[in-house]
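The chain contents come next:
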Amino acid sequence: MKETVNDIFKRNYGVFTHEEQQQLKQAKVTVVGAGGVGGVTLISLARMGIGTIHVVDMDHFDYSNLNRQMLSGISRVGKPKAECAYETLKDINPSLNIEVSVERFTQENASALMAGADVVIDATDNLVSRVIIHRAAQTAKIPSVWIAVTPPFRGGVMTFSDKTPPYELVLQHPSYNKQLTEDVCAEINAIKNRRAQHATTFGALPDWADDFVNGQQPWAVIAPIANIVGILASYEALKVILNRSDLAPIWAPQLVLVNLATPDMVKVVTSAEGSWDNGCL
Amino acid sequence: MNNISSDHFYSEMTKKNIGVYTLEQQARLRQSKVIIFGLGGVGGLEAILCARTGIGHISGVDPDIFEISNINRQMLATTKTVDHYKSEMTEAHLKEINPHLTTHFHSVRVDESNVLELMTGHDLVLEALDDMPSRVIVHRAAKSLGLPSISMSGSPPHRGFVSTFLPEGIAYEDALNIPVKGKSITDPAVSNFIQDLKKKRALYSVTRGAPKEWAQDFCAGKAGWIITPIRASLLASFSCHEAIQVLIEQPPLAIAPKAIIIDLDDMQHPVSVKTPENGYWEASEI
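Top to bottom, those sequences are chains Z and X. For the first sequence, my numbering assigns the number 153 to the initial residue and increments by one for each residue that follows. For the second sequence, my numbering assigns the number 30 to the initial residue and increments by one for each residue that follows.
Next up, chain Z with everything else stripped away, as it sits in the complex:
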């Protein structure tokens, strides 16, 4: 018998039950960032059968995205990432509901962008936006997934909720409980320079780290790491939505730590003090 669009998710059964597949169809996920991690996360969510996806990204594709961003292509250079995501996701599942916002995630639009979401995935590279996302999500009692990608072969994933400690305490941010003034934002952004320098102790090239701190080089990310972290982020969203008793999300301050240069390539770790230095992740 000829397959129909109802067969798109046929091969999921056995991993998901029919009821769970229906649960995924009823679910809504907001993904902030449609780049290296966000792009593959979006594709993964659509292929699992999530029913409604809200894509938020203000950027346009550039040639330097091609090395890892699953939604990028040469014919898309110069086009808004969120609109390209719409095209690709509709081709995967024509009955998917997709909302597109070509804008930055700010304190002003946060609640509108997260409205109705069962889970929010933070796949932005802007550290201030990330603070805004997780603050807003916790206030709205919506679980939020955090990710990191760090050269050479490292990454991290963890999930926050209104029952976990707040993002800024778990990641030892100086901004906790403060207004996001210019000075506070500068302090937050400085964390990334520290992370670049620290990455050299794991094998990132020292010249790259110096150039990054001086603003002469972009953050280095390779395709396998962006993909692994993006897929693991979609898995966190899946676990939040399925809510199985034997398949819990990795709730912060527990952390999924990726390092392809060590035999423990992906492991779940806990912190004795209950927090992590974001400059060392």
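Do not rely on the hints blindly, as some may be mistaken.
Stated by the list, open to error - Quick list of in silico lysine-lysine cross-link-like pairs, DSBU-like style, CA-CA up to 35 Å: (1) 287/X to 419/Z; (2) 124/X to 180/Z; (3) 251/X to 242/Z; (4) 419/Z to 241/X; (5) 162/Z to 227/X; (6) 109/X to 177/Z; (7) 227/X to 391/Z; (8) 419/Z to 303/X; (9) 227/X to 177/Z; (10) 228/X to 391/Z; (11) 162/Z to 109/X; (12) 109/X to 391/Z; (13) 419/Z to 44/X; (14) 303/X to 344/Z; (15) 228/X to 419/Z; (16) 227/X to 419/Z; (17) 287/X to 162/Z; (18) 419/Z to 212/X; (19) 391/Z to 287/X; (20) 251/X to 177/Z; (21) 229/X to 391/Z; (22) 251/X to 180/Z; (23) 44/X to 344/Z; (24) 177/Z to 124/X; (25) 228/X to 162/Z; (26) 124/X to 242/Z; (27) 241/X to 391/Z; (28) 231/Z to 109/X; (29) 210/X to 241/X; (30) 303/X to 391/Z; (31) 124/X to 231/Z; (32) 228/X to 177/Z; (33) 180/Z to 241/X; (34) 177/Z to 241/X; (35) 162/Z to 44/X.
Since the hints were made in silico from the structure, they are not lab data.
Based on these hints, arrange chain X on the given structure of chain Z.
Just chain X now, with coordinates in the frame of chain Z:
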């Protein structure tokens, strides 16, 4: 696109790799030629990741067309590519990533008669096939040509296996305890033995959380292998990382019989490199 040179495009495209790879390593990847057998959930993404990483030549082999039930996990399966050859769709997509890439894509099934011709001239083999006899054919051929080959295997619910075979190292059949060494795959006794392995893997998967009814249906030929985007994508990403390490002459972590073992239901160590206790794995348990 028309007004930038091939060198300029390449350096823009791979700019964010630098810091992880050196410029010399990146240049090496640009000179590298890989061939991928199987362009489904794992192989299709391997092709994409290889192209995005900046590998200069990619060949692919797959006789199939995209079907609707591929869409849940195959990166190039969409409602628009259904009914088209996987090899043709993959090749077109890779050119959309890097128009200067050279490619050779073949809509044929790999067998003992064509494998050497397909494989000759490449630096590395990525194997992403779903049937055991073809896997054995590919890894045997790679070893005979002195080429490294990356193997993979995936089982429900979220288990996976990736291992790197080097020409001077252990043979695929020895590492997976498949006692057909030296015999032709066309020998019916041999192909039946290897085919049966997949049924054993289905039944073993039940002990690791897969539904019993599914395994019974699979063994009766009434159900397909269960596979979701999560597992296929992880297998492709780890396989590609191993491949890149080999190509830039950095030590891969999972030289056979060591293997990258994925089990997302393991809440402490979802992915780790393991060494088999007896020096080999049981093919029915990976």
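**Message:** So, against the hints stated earlier in the document, which numbers end up violated here?
**Reply:** Structure breaks hints 18 and 35.
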